[in-house]
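Listed in order, the protein sequences are those of chains X and W.
UniProt numbering applies: residue 1 is where the first sequence begins, and numbers increase by one.
UniProt numbering applies: residue 1 is where the second sequence begins, and numbers increase by one.
One should not assume that every hint holds.
Unchecked claim - Simulated restraints, written as ranges between beta carbons of each label pair:
| # | chain 1 | residue 1 | chain 2 | residue 2 | range |
| --- | --- | --- | --- | --- | --- |
| 1 | X | Pro286 | W | Lys127 | 37 to 43 Å |
| 2 | X | Pro286 | W | Asp101 | 39 to 45 Å |
| 3 | W | Asn91 | X | Pro341 | 31 to 37 Å |
| 4 | W | Val106 | X | Tyr367 | 33 to 39 Å |
| 5 | W | Asp101 | X | Lys342 | 37 to 43 Å |
To be verified - Negatives, chain X to chain W, calculated, CB over 12 Å:
| # | residue |
| --- | --- |
| 6 | Thr175 |
| 7 | Gly254 |
| 8 | Glu279 |
| 9 | Phe281 |
| 10 | Ser283 |
| 11 | Lys316 |
| 12 | Glu323 |
| 13 | Pro341 |
| 14 | Leu344 |
| 15 | Val346 |
| 16 | Pro347 |
| 17 | Asp348 |
| 18 | Ser349 |
| 19 | Ala368 |
| 20 | Thr370 |
Stated by the list, open to error - Far from chain X by the CB rule (all over 10 Å, computed), these chain W residues:
| # | residue |
| --- | --- |
| 21 | Thr44 |
| 22 | Ile45 |
| 23 | Lys46 |
| 24 | Asn47 |
| 25 | Asp55 |
| 26 | Val59 |
| 27 | Pro71 |
| 28 | Asn92 |
| 29 | Trp97 |
| 30 | Ala98 |
| 31 | Val106 |
| 32 | Glu110 |
| 33 | Tyr113 |
| 34 | Gly119 |
| 35 | Ser130 |
Hint data in this document are derived by calculation from the structure and do not stem from the laboratory.
All values derive from a computational prediction rather than experimental measurement.
Even for Gly, the Cβ is constructed at its ideal location relative to N, Cα and C.
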Amino acid sequence: MASLADSFLADLDELSDNEAHPDDEDLDAAAMEEDVEGDMPDIETLNYDDLDSVSKLQKTQRYNDIMQKVDDALEKGTDISSHGIVLEDDPEYQLIVDCNALSVDIENEIIIIHNFIRDKYRLKFPELESLVHHPIDYARVVKKIGNEVDLTLVDLDGLLPSAIIMVVSVTASTTSGKPLSEESLQKTIDACDRALALDLAKKKVLDFVESRMGYIAPNLSAIAGTAVAAKLMGTAGGLSALAKMPACNVQLLGSKKKTLAGFSTAASQFRVGYLEQTEIFQSTPPSLRTRACRLLAAKSTLAARVDSIRGDPTGKTGRNLREEIRKKIEKWQEPPPAKQPKPLPVPDSEPKKKRGGRRLRKMKERYAVTDMRKLANRMQFGVPEESSLGDGLGEGYGMLGQAGSGKLRVSIGQSNLAAKVAKKFKEKQYGSSGATSGLTSSLAFTPVQGIELSNPQAHGNQLGSGMQSTYFSETGTFSKIKRM
Amino acid sequence: MIVDVNLCQSPALRLAKAVHGTNNNHLYFFVVQMDEVLASVAETIKNFAVIYLVDITEVPDFNTMYELYDPSTVMFFFRNKHIMIDLGTGNNNKINWALKDKQEFVDIVETVYRGARKGRGLVIAPKDYSTKYRY
């Protein structure tokens, strides 16, 4: 809360004048020290003139302590610690835990410094930040270019891939930036140096962790190798943090954001991070790599979880998992079994699968013989039937319309099919706006059963009289109402 | 031997292919072609048909009865009854030329089987071969 209020104050200060206010800066710096993860909105409102206000890590006691210890430990070389000591009490383990946390902090610090450099260098060469993403590369490039206007005089050979160098040179020739003042240039170069120093420190810390990896996380190292395991742990911020991650996140730890620079994404690699550098991954054929990296991530997460609770200090689980992985990848590469030619089945021996049910019955109703047709098919005995063309020519009408047949008139009759249509119309009717008169009711008084709830005549009305054109429908409303 | 086979009462179609035994094969190229087709089809239709190769120089007893004078003849029997096929050629008793297409042959066999199972003595082939001599 205090830091937020201070950031607002800093905002106001920035607006008024560009000079650094010592009080605000101190408070800000203190806030910076406390949450080194960095509230990003806070940082952006900080005053940028002084590097030290932004990056305090190198001055902290903690940082120096740990670096000192790491140096000592590296000089001592690998010592085989006794397994009798419980892990948490072992000072080396504690150091490693600290190292992990520190490496995360260093990374954050590097990001902060990168922002600082970027903001300063924007005046000179704004496009550079979108061409070179990696903070350390950016710092190196900035240091190399300095205040130079003509990029042909600057040799970026070892720092960047040649394609990017080309793009950078081209963009530099058309850049909208102006050279920096001596003072801000000096500050920028200082910041670059700071960033590079931090990067070196981080490397040192990681090397140390890597050398101890076999002791810390034997299972994970068995699968992924010590280097990758150390990197994973470093990026995750500790073994327990790594163990808590789901495997999909572990897969992506350390994946770089690719600078496109005009190149298409058609050939871009799928998402894999540090696990790309493992031996297993490198030795799988390219077509199986996606599956392999998913498998690797899953198993290494399992191994990390085993390691985080020290479930298997010997590393046997890790080796078993590695075997499993190897076997699975081999199995994927097996050719499919040869196709056996199958002999034909005996004809007519397998009866056709007849379906039943309501749906089929409804479908069959469409083609069923109607009552009209039934009557037309039958004839009375001894009575010649009427026919369409008269005199026995044309189609015969059979019992249709004959006097003496039991039926009064032949109606189409309401088949069960119409129930679906009727239901739809019924729904429409309740939604219609005043199309029905107020005297209609759903009740109907029939002679046979007394009161019927659904009015059978309502159906007749709804289908409309035949004389009506359906364009201006009596009963219908809008056929399709769409919300725009 | 052949009489035994034909008297067998199992519900499998029996195809008997009659062939001249000792002649030069190149003269009867289509004989060999028919043999090829039969051999390749045998596994596919084994669930409902059995193919027998009969050498009529060794077993001449049925030559006059079925008029087996062509180099290659295929006849169909079901439960000891000879089944006739209307192929459009005029001769409903047998196939005495070389059918090149395996699928066509399998279709004919299947049709014969279906009809014979229903008790028909004459079945109608799915394809008409009346113009076979023109092509």
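Here is what the structure says about each hint:
no.	hint	verdict
1	Pro286/X with Lys127/W: 37 to 43 Å	violated, 50 Å
2	Pro286/X with Asp101/W: 39 to 45 Å	holds, 44 Å
3	Asn91/W with Pro341/X: 31 to 37 Å	holds, 33 Å
4	Val106/W with Tyr367/X: 33 to 39 Å	holds, 34 Å
5	Asp101/W with Lys342/X: 37 to 43 Å	violated, 20 Å
6	Thr175	holds, 72 Å
7	Gly254	holds, 57 Å
8	Glu279	holds, 48 Å
9	Phe281	holds, 46 Å
10	Ser283	holds, 43 Å
11	Lys316	holds, 52 Å
12	Glu323	holds, 42 Å
13	Pro341	violated, 6 Å
14	Leu344	violated, 5 Å
15	Val346	violated, 4 Å
16	Pro347	violated, 5 Å
17	Asp348	violated, 6 Å
18	Ser349	violated, 8 Å
19	Ala368	holds, 29 Å
20	Thr370	holds, 34 Å
21	Thr44	violated, 5 Å
22	Ile45	violated, 6 Å
23	Lys46	violated, 5 Å
24	Asn47	violated, 5 Å
25	Asp55	holds, 27 Å
26	Val59	holds, 28 Å
27	Pro71	holds, 28 Å
28	Asn92	holds, 21 Å
29	Trp97	holds, 24 Å
30	Ala98	holds, 22 Å
31	Val106	violated, 7 Å
32	Glu110	violated, 5 Å
33	Tyr113	violated, 6 Å
34	Gly119	holds, 13 Å
35	Ser130	holds, 25 Å
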